[in-house]
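Line by line, the protein sequences are chains F and H. In terms of this note's numbering, the first sequence has 241 at position 241, counting the first letter as 1, and numbering is strictly consecutive. One rule links them: number in this note's numbering = place in the second sequence (from 1) + 1000.
Please keep in mind that the hints were generated in silico from the structure rather than gathered at the bench. Glycine included, C-beta positions come from ideal geometry on N, C-alpha and C. A few of these clues could be false.
Partial list, derived from the structure: chain H residues whose beta carbon lies under 8 angstroms from chain F [what the hints assert, rightly or not]:
#, residue
1, GLN1079
2, PHE1096
3, VAL1107
4, LEU1109
5, ARG1110
6, ILE1131
7, ARG1141
Single-letter residue listing:
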Amino acid sequence: MRHPLLLLWLLLALEGQAEPLTGQVSGYHLLGEELQALQDDAFANPGMLWVDRGQRAWNSPAGARGTSCRDCHGGPERMQGLAAQLPRWNAEDKRLENLEGLVRNCRSVRQRADPPAYESDELLALTTLIAYQSRGLPLTVAVDGPAADAFAAGRDAFARRRGQLDLSCADCHDRHAGARLRGETISAGMINGFPLYRLTWEGMGSRQRMIRWCNEAVRAEPLQPDTAKALALELFLAWRSRGLELESPAIRR
Amino acid sequence: MDLPPPAASVSAPLLTCAAAGRPSLRVAATLLALAMLLTSAATIADCAPFQIDGDRIEQPLAEKVGEAAAGARVAADRQRGDCVICHRLPLPEGRFHGNLGPDLQAVGLRLSPAQLRLRVAANRHLNPESIMPDYCRSGDRHRVAESHRGQPILSAQEIEDLVAWLSGLEAVEKTP
Chain F
1 MRHPLLLLWL
11 LLALEGQAEP
21 LTGQVSGYHL
31 LGEELQALQD
41 DAFANPGMLW
51 VDRGQRAWNS
61 PAGARGTSCR
71 DCHGGPERMQ
81 GLAAQLPRWN
91 AEDKRLENLE
101 GLVRNCRSVR
111 QRADPPAYES
121 DELLALTTLI
131 AYQSRGLPLT
141 VAVDGPAADA
151 FAAGRDAFAR
161 RRGQLDLSCA
171 DCHDRHAGAR
181 LRGETISAGM
191 INGFPLYRLT
201 WEGMGSRQRM
211 IRWCNEAVRA
221 EPLQPDTAKA
231 LALELFLAWR
241 SRGLELESPA
251 IRR
Chain H
1001 MDLPPPAASV
1011 SAPLLTCAAA
1021 GRPSLRVAAT
1031 LLALAMLLTS
1041 AATIADCAPF
1051 QIDGDRIEQP
1061 LAEKVGEAAA
1071 GARVAADRQR
1081 GDCVICHRLP
1091 LPEGRFHGNL
1101 GPDLQAVGLR
1111 LSPAQLRLRV
1121 AANRHLNPES
1131 IMPDYCRSGD
1141 RHRVAESHRG
1151 QPILSAQEIE
1161 DLVAWLSGLE
1171 AVEKTP
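One chain only, chain H, in its complex shape:
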C-alpha cells in the first residue's frame, strides 16, 4: 500500500534526505525550512527530513549510526518512547506491557530496518486510522501542551537507536 502523505505534512518531502549528502543543497533546505518557520504560524518541524519509498524509509534519519542498547532505553523510558504501553518487548518493563499493538519480541524477523524506520517515524502514512503515533512528525496537531508544542515525540537519533534495537529482536519469550 502506498498512500500519498497526509496533506498537512507536505513539508516533509520538500526537505528530503536526497539533499543530505550535498552541502549546498543542505544549506538551501535549511534556508527553506527557516523561511517556512517564519511564514507559517503552525510550526512544522519533523525530527528530520525523510523520504518515503513504498513502505520504507531507506535513508537513516540521523548521522550517527543507531545503537541498540540506547534504543532499548528509549523504548522503556516513560518520558520518551514508552513503547511498552502498547507493545510487548523484551524489557523488564515488558511484564506490564500493553496489547494495543502487536507483540514486537521478534519484529526483526518480520521487518527490515527501512520498514521499521517508517513504522516508528510515520506509521500513519501506512494507516491514517492507526492509534500508533508518528514519532518523527509534529505538524497539524490539535491542542498540544505548551511544553511539547512544535516538537516531534522523539529525535532522529532516538528513532535510529530504536530501529537498531528492534531489527535485532528475533526471539519470542513465552509468558510464564
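Excised from the complex, chain F in its bound form:
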C-alpha cells in the first residue's frame, strides 16, 4: 500500500518548482527566503511604514466636523476581522463595498472631508492599518444571497480573454501559474497580501492596483476601481483566495 504513495511523493519532490501551482497558494511561497524574512520582520518590512502612518491618520481630526476615526470607532484593533471579509454586499446601496470604498465613504459622509484619492499614501495608510488588524485571519467572503450575481460576474470576468493580447486572468493565474513570464514566476493570483509592497512598484498598492497592472499588461481598458465590474472581480479573487491567512502588509516582487 505504501510504496506507490511514496513513489508519487518522491516524484513530486524531484519535480520541485516545475510543479504547477494549484488551489490556494499564497504568493508568499514564491518570494524566496530573504523576502519572506523581510515580510515577517515588523521592523524591516517597508509596508509597516504605512501602518505607522495609518496610526497617526487614525487619530487625527479631519474634515468639517473635526472628528478622527478614533472618535467614532475607538482603537484600530476594533477593525479586526473586517478586511478578511471584504468585499461584501451593502444592502442599503445594493452594491459591493471594499476596504477602500469604506474608508473613503467614512471620510466624505461622516467626517465631511474630501475622500483620499485611490492609491494615495493617505488612503493606503488607513487601509493598510485596518488590514493589518486582520493579519493571520483566513479570508472568508460571502458569495451567496444578494452577492451571488456579482460573484458570477466576477467569475466570468476572470475567465474572459481581454485586451490586445487577448489573454484572461485565468490564462495566467489558473492554467499557467508556476510558469515563468520573462523572469517572473506567475503566482496563483491570490489577494491575501493586499495592501502590499511590490518591489516593481517601489511602493504600496491595493488589490485594485494589481488588477489595473495586469489589465495593462495585456493592453486592456482599465477597470475603474469603484465600479460594479471591478468590485465583482475583487469578490471573485477574494473567494479564490478563501482560507488563506491575510498577510498585509505583504511583500511581493
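Based on the hints, put chain H in the right spot on chain F.
Relative to the frame of chain F, chain H by itself:
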C-alpha cells in the same frame, strides 16, 4: 489539424492574398475592406489579408522581403513582439526568458517559413486555447485599451522580419 477559422474573423479569408498580384482585384478588396469598416462598429483590421493552407501561410504578408536582424529586434522589443516573455531565444534578453512557450533557439530546424508565419500571425487557428496571441489579428477582442483598439499587435512587415529571423535559428545554447 485543419480547423476552420474562428467565426469572428471570417473577414480574413475574404481578403486573401490571392488578390495580391492583380491590381483590379486589389482595388476591389480594398473597397470591400473600406465598406466593412464603415458598416461594422467592431473594426476588424488584420495586419494583412492572408490565406491559411493546413498549418501554413504560404504567401508573405508584406511586399518587402523579411530581414532577420530586424526580426531579432522585434522579438526583443517590449513594445512590439516581446517574445522572450514566453520563449527562450538567442538574444541578450533571452537570459530572462519565460517558459510559457517552447524553446525557440532551434525552431528553424522544426518549422518552415510558411509554418512559422501561421504560428506568429494566427496561432490560435491551430489551437484556440493557446495562450500565445495572434499577432496579425485584431478582431473580436474584449476591452482593448483605447490606444491599441482595432490594431493588430504587429505589422505585416514585423511578422515577415520575425519569420526571416526564426527560420534561421538552428542551434541550441545550453544554460550555463
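Hints that the structure is at odds with (numbers, increasing): 1, 3, 4, 5
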